[in-house]
Amino acid sequence: MTSVVATNQTILVVGGGISGMTAALEAAETGKQVVLVEKNPYLGGRTVQLYRYFPKMCHPTCGLEINLRRLKANPRIQVLTLAEVTGISGDRGAYSVSVKLKPRHVNSNCTACGECGRAVQTEIADEFNYNLGKIKAAYLPSSMAYPQRYVIDASIIGTADAERAKAACKYDAVDLEQQEETISLNAGAIVWATGWQPYAAEKIVYYGYDRFANVITNVEFERLADPHGPTGGKILRPSDGKEAKNVAFIQCAGSRDENHLRHCSRFCCMASLKQTHYVQEAFGDAGKSTIYYIDIRAIDRFEDFYQKVKTNPNVSFVKSKVARITEDKAGNPVCNGVNVEGYKRYATAHDLVVLAVGMEPSVKGMDIPGEVMSDSSGFIMADPANAGIFGAGCATNALDVNRAVQSATAAALRAIQVVNKVARAEA
Amino acid sequence: MAETKTAAYICKGCDIDKRVDVAALVKTATKSGKMNLVREHDFLCSAAGVAMIQNDIDNEGVTHAALCACSRRAKTEAFNFPNTAISRGNLREGVIWIRPDTDAARETTQEMAEDYVRMACAEVKAMTVPGGNPNTGTVKTLLVVGGGMSGMTSALEASKAGYKVVLVEKTGALGGWAAKLYRRVPTREPFKAPEDNGVTDLVARIEADSNIKVYLSATIAKTDGAPGRFKVEIAIESGAVANEDIGAIIQATGFTLYDANKLPELGYGKSPNVVDQAGLEALAIAAAAAGRPICRPSDGQPVNKVVFVQCAGQRDSSGTHLPYCSGFCCNTSIKQAMYFKDSNPDIDTVVLFTDLRTPGNGEDFYRAAQNKGVIFSKGVVSDVSAAGNACSVKFKDLILNEEVNTQADLVVLATGMVPTSGPDLDQLSEANRVAEGGDPAAKQHVVELMSKSVLNLTYRQGPDVPQFKHGFNDSHFICFPYETRRTAMYNAGPVRRPMDIAQSQEDATGAAMKAIQAMENAGLGRAAHPRAGDLSFPTVRLEGCTQCKRCTVECPFGAIDEDEKRFPLFNESRCRRCGTCMGACPVRVISFENYSVNTVGSQIKSVEVPDEFSEKPRILILACENDAYPALDMAGMNRHEYDPFVRVIPIRCLGSVNTIWITDALNGGYDGVMLMGCKHGEEYQCHFVKGSELGRYRLSKVGDTLKGMNLETERVMDLEVAITDMATLPQKINDYAALIKSFPPSPFKGF
Chain A
0 MTSVVATNQT
10 ILVVGGGISG
20 MTAALEAAET
30 GKQVVLVEKN
40 PYLGGRTVQL
50 YRYFPKMCHP
60 TCGLEINLRR
70 LKANPRIQVL
80 TLAEVTGISG
90 DRGAYSVSVK
100 LKPRHVNSNC
110 TACGECGRAV
120 QTEIADEFNY
130 NLGKIKAAYL
140 PSSMAYPQRY
150 VIDASIIGTA
160 DAERAKAACK
170 YDAVDLEQQE
180 ETISLNAGAI
190 VWATGWQPYA
200 AEKIVYYGYD
210 RFANVITNVE
220 FERLADPHGP
230 TGGKILRPSD
240 GKEAKNVAFI
250 QCAGSRDENH
260 LRHCSRFCCM
270 ASLKQTHYVQ
280 EAFGDAGKST
290 IYYIDIRAID
300 RFEDFYQKVK
310 TNPNVSFVKS
320 KVARITEDKA
330 GNPVCNGVNV
340 EGYKRYATAH
350 DLVVLAVGME
360 PSVKGMDIPG
370 EVMSDSSGFI
380 MADPANAGIF
390 GAGCATNALD
400 VNRAVQSATA
410 AALRAIQVVN
420 KVARAEA
Chain B
0 MAETKTAAYI
10 CKGCDIDKRV
20 DVAALVKTAT
30 KSGKMNLVRE
40 HDFLCSAAGV
50 AMIQNDIDNE
60 GVTHAALCAC
70 SRRAKTEAFN
80 FPNTAISRGN
90 LREGVIWIRP
100 DTDAARETTQ
110 EMAEDYVRMA
120 CAEVKAMTVP
130 GGNPNTGTVK
140 TLLVVGGGMS
150 GMTSALEASK
160 AGYKVVLVEK
170 TGALGGWAAK
180 LYRRVPTREP
190 FKAPEDNGVT
200 DLVARIEADS
210 NIKVYLSATI
220 AKTDGAPGRF
230 KVEIAIESGA
240 VANEDIGAII
250 QATGFTLYDA
260 NKLPELGYGK
270 SPNVVDQAGL
280 EALAIAAAAA
290 GRPICRPSDG
300 QPVNKVVFVQ
310 CAGQRDSSGT
320 HLPYCSGFCC
330 NTSIKQAMYF
340 KDSNPDIDTV
350 VLFTDLRTPG
360 NGEDFYRAAQ
370 NKGVIFSKGV
380 VSDVSAAGNA
390 CSVKFKDLIL
400 NEEVNTQADL
410 VVLATGMVPT
420 SGPDLDQLSE
430 ANRVAEGGDP
440 AAKQHVVELM
450 SKSVLNLTYR
460 QGPDVPQFKH
470 GFNDSHFICF
480 PYETRRTAMY
490 NAGPVRRPMD
500 IAQSQEDATG
510 AAMKAIQAME
520 NAGLGRAAHP
530 RAGDLSFPTV
540 RLEGCTQCKR
550 CTVECPFGAI
560 DEDEKRFPLF
570 NESRCRRCGT
580 CMGACPVRVI
590 SFENYSVNTV
600 GSQIKSVEVP
610 DEFSEKPRIL
620 ILACENDAYP
630 ALDMAGMNRH
640 EYDPFVRVIP
650 IRCLGSVNTI
660 WITDALNGGY
670 DGVMLMGCKH
680 GEEYQCHFVK
690 GSELGRYRLS
700 KVGDTLKGMN
710 LETERVMDLE
720 VAITDMATLP
730 QKINDYAALI
740 KSFPPSPFKG
750 F
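Read top to bottom, the protein sequences are chains A and B.
Quick note on numbering that gives the first Met the number 0: the first sequence kicks off at 0 and runs consecutively.
Quick note on numbering that gives the first Met the number 0: the second sequence kicks off at 0 and runs consecutively.
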């Protein structure tokens, strides 16, 4: 049985992406006890699946390394991975929370030596790379994965492969008997930081995401550009592995649209502007990017970044909401629509189309146990009447990384306000 | 203090024992490492292995332990021995995982492993467990400068967590910019109509809060001290001076609107019917007070048509006006158009924009305006001229691609935010340098700049928080938006970055979090981010100091002042423990208990340098622990092989590299030195701001030393490394090693 020490002065943080990690670290570095619960087998969330950040073009793993060092140095944070909150009862200052823990089938003896991965034969879809590649069924999700511990995929439990993994491990780290368990813990305050998911692109029927291999999403494009991604950083289109030198970016794919997401997802303009750099980086002047947009929302000092991209002769901007994507005989996706500036019709073929899909809160439609208000888009709203569970990061709004971290820092204080009150009452 | 007892532990797990001769490593730790106790273990990070070490600490009196196993980044939970000095010898990621398992490689792999054992032993012997900063201050009162929405929010949120707050506002009333608004942009569902500006409510809550002390018509005359023990003098308009003991500071001094007088082509100043957004709010408030619609200022007649000009003096690439977008103004114009539409739907309201920017739920607000009949046109305004009571607006319609002239009763210019962030420190230091010549005009310039100071810090490096871009006090880090360059000082609201009220309030809450954390940690002698919790701090041996001032000038965080005798005066609580001062010191009198010229220097010296006939060069790599060292680790995890003649030492920052390490290495017969640090320059990635830049600057001076030693200048190489370079880094190391091998062996071997 997993044991967790938690009291009514403990802060529970749900979600181990950059927002959850931030909330947990800020609270713990202020002296609070924190339990951090993450659904994946590793921390870092969606940021670690990005190749670079705008506007500095730096790498998300750099900040992750610092956050992990903070975490490793801080005994006040207990991390639970493969864990999901299933129930919350009680009130602010005295919650009782049940957490379901899925088995990793690898215990803390694991040294990440990799022998189990070499022994196992089954391959599974690589979720870390948005299923763009395959990995062994005993795996370390990424080189930066924390906990630095392998996972035996549930699909091979009970097979000879699982036994091979067990036999390969010299350290008794593979535990095939591990069972799902539900534990219960106390918390005074809860930070809900479950982040976002990319809008389901197949719902935008006229873009044919599920029909055309060479129509992909912006988050998938990050993995193609990343040297640690499934193509080793080569921008190859899925249909035939050909270099995608002529790339179209379609803005507001699902965002700012009453049929899909009403809100503007804020990050996607900057993300596409950033991704034009990937095309340039990969192919030099042979790489061409076209951004189809309604408004370019490069807010505040990000304007500098936009202006710089605008001076790149290999990047063109078309003010248009693309009406439809078709495919030509060569398997090239063709963008059809009207360029609003001058009202010209176009039907332009590209090697690859990247849909700048927006942000949908992961909490949308989820029944968060406990009293949490959300707006009609599904984002958690601040609720003065219920001051014990607080949203943080992209669970509360469509935010870029910087703003998500701000939000999480604010949420940490709101949680501290509650547990400090408990502490004063208990003193 | 307990007697020093050293121990080395050699792990045999993860095939270390198959790849190297562990018995020989034990001998190395005993003979050359001179450890008092040496043990090997099959699986050192297991419960049994950890218990063995703990038992030695508890019962054998071990105070210093060299753990020769995996990387210092791995198995940190297992190898957690507080109050014991620990070093890590990286035999796994650093040796066996980056070398081929072949007979040919066996000898060099063994030599590599033995050197890493020697280095771990040498390092741990040179370390002591940090005892904590004795000069702590335990004041837990927060100073908030600025009484607008951001400042009031910070004050209330800190109070709610149980902290005392001193709130200082320059004007005679709280409320700032928001108090000048008739209504504000909606913050809650359904995001369709302007809402109350919220100021009255916040002011009432401040006034009712016994934790918050407010000074109105007051400014900060002087801020002295360090986190946890600031002494702040508050100058009040009446002439009185108040003194407050402060633990941390939030600067929420807001912004002013860009001066529309600089936009004569847009008609401002030429007609009273051309106003900026503040002007329109004033008209709306006056109209509401009089119970009438908003009227035309020139003659008080009704307004039939209003044109809003977006990006007025903003997003300007010509260098004349603001280069950035202020982010809030699109929503503000939408709100102001609604003032008219809500009172009379027949009033024409036209918003001229190039990109309409209403992120998040602002989209609902935009849509609501469209539904109310507000017209949005993509166009660039070139001229606004006044003719009698009407204004003529000339713009290029970007959709129809034609020049258009339109008439309006009122034109509103959406000018942007200019932060109230005090003088730019680089400008000020340049002004000070010029003024040293005694020129009265130059002196006057310094006085003028100083008069803009917000905090009036007595810091050696200037009176305010350094600025980032365009005058804003923002952080340079995407993952760490609150990293200012002065410990326990945080900026909140539009002084940090252009933002609207809702974002400012969120920001102000986050800033309060960081300020509270800084006060708590200052009281405990702990470092602030990014080495949060670090108890070590720099100490200086003043008897050796030559008063060269390099440490006081180079410290990226303004932690070091000068005392009356011109010696450096360290303010430990301001320090972030990067070691830039240690790297800067030419006489090497600055050190940390667990990171010093000696902890690294003794490792360099411990490596066995084969003689010149062996054809086994030695190359020292000093690798930044945040990016380069993890990249090397991951190269190992992915079994990317590299040259066996390199010896890697992690360093806190390139800025902490003292050139003595390089000259010692070369004098000791190393054939080359490679430094790996992160990106510097405008898009720098160094989390100690200037560390990698300063380190590289110092390095650029090493060339002369090399020439003096008759060595090729290429023997010292500086490589910019990102954490993702795991696949390419080995090749770069190998290329460099090949270059070194093309030179004759170092003539200093064997001395």
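Derived from the structure by calculation, the hints contain no laboratory data.
Hints may be right or wrong, so weigh each one.
[Stated by the list, open to error] Not close to chain B: a few residues of chain A, all C-beta gaps over 10 angstroms, as computed:
{"no.": "1", "residue": "E28"}
{"no.": "2", "residue": "Q120"}
{"no.": "3", "residue": "I298"}
{"no.": "4", "residue": "G336"}
{"no.": "5", "residue": "E340"}
{"no.": "6", "residue": "G341"}
{"no.": "7", "residue": "Y345"}
{"no.": "8", "residue": "R402"}
[What the hints assert, rightly or not] A few chain A residues facing chain B, derived, Cβ under 10 angstroms:
{"no.": "9", "residue": "P54"}
{"no.": "10", "residue": "H58"}
{"no.": "11", "residue": "R69"}
{"no.": "12", "residue": "P74"}
{"no.": "13", "residue": "N108"}
{"no.": "14", "residue": "K169"}
{"no.": "15", "residue": "Y170"}
{"no.": "16", "residue": "C268"}
{"no.": "17", "residue": "A285"}
{"no.": "18", "residue": "K309"}
{"no.": "19", "residue": "N313"}
{"no.": "20", "residue": "V317"}
{"no.": "21", "residue": "R323"}
{"no.": "22", "residue": "D374"}
{"no.": "23", "residue": "D399"}
{"no.": "24", "residue": "N419"}
[As the list claims (entries may be wrong)] Among chain A residues calculated to face chain B with C-beta under 10 angstroms, some are:
{"no.": "25", "residue": "L24"}
{"no.": "26", "residue": "I293"}
{"no.": "27", "residue": "R300"}
{"no.": "28", "residue": "S315"}
{"no.": "29", "residue": "K318"}
Using N, Cα and C, we set each Cβ at its ideal position, and we do this for glycine too.
Any of the earlier hints contradicted here, and which numbers? 1, 3, 5, 6, 8, 17, 19, 20, 21, 28
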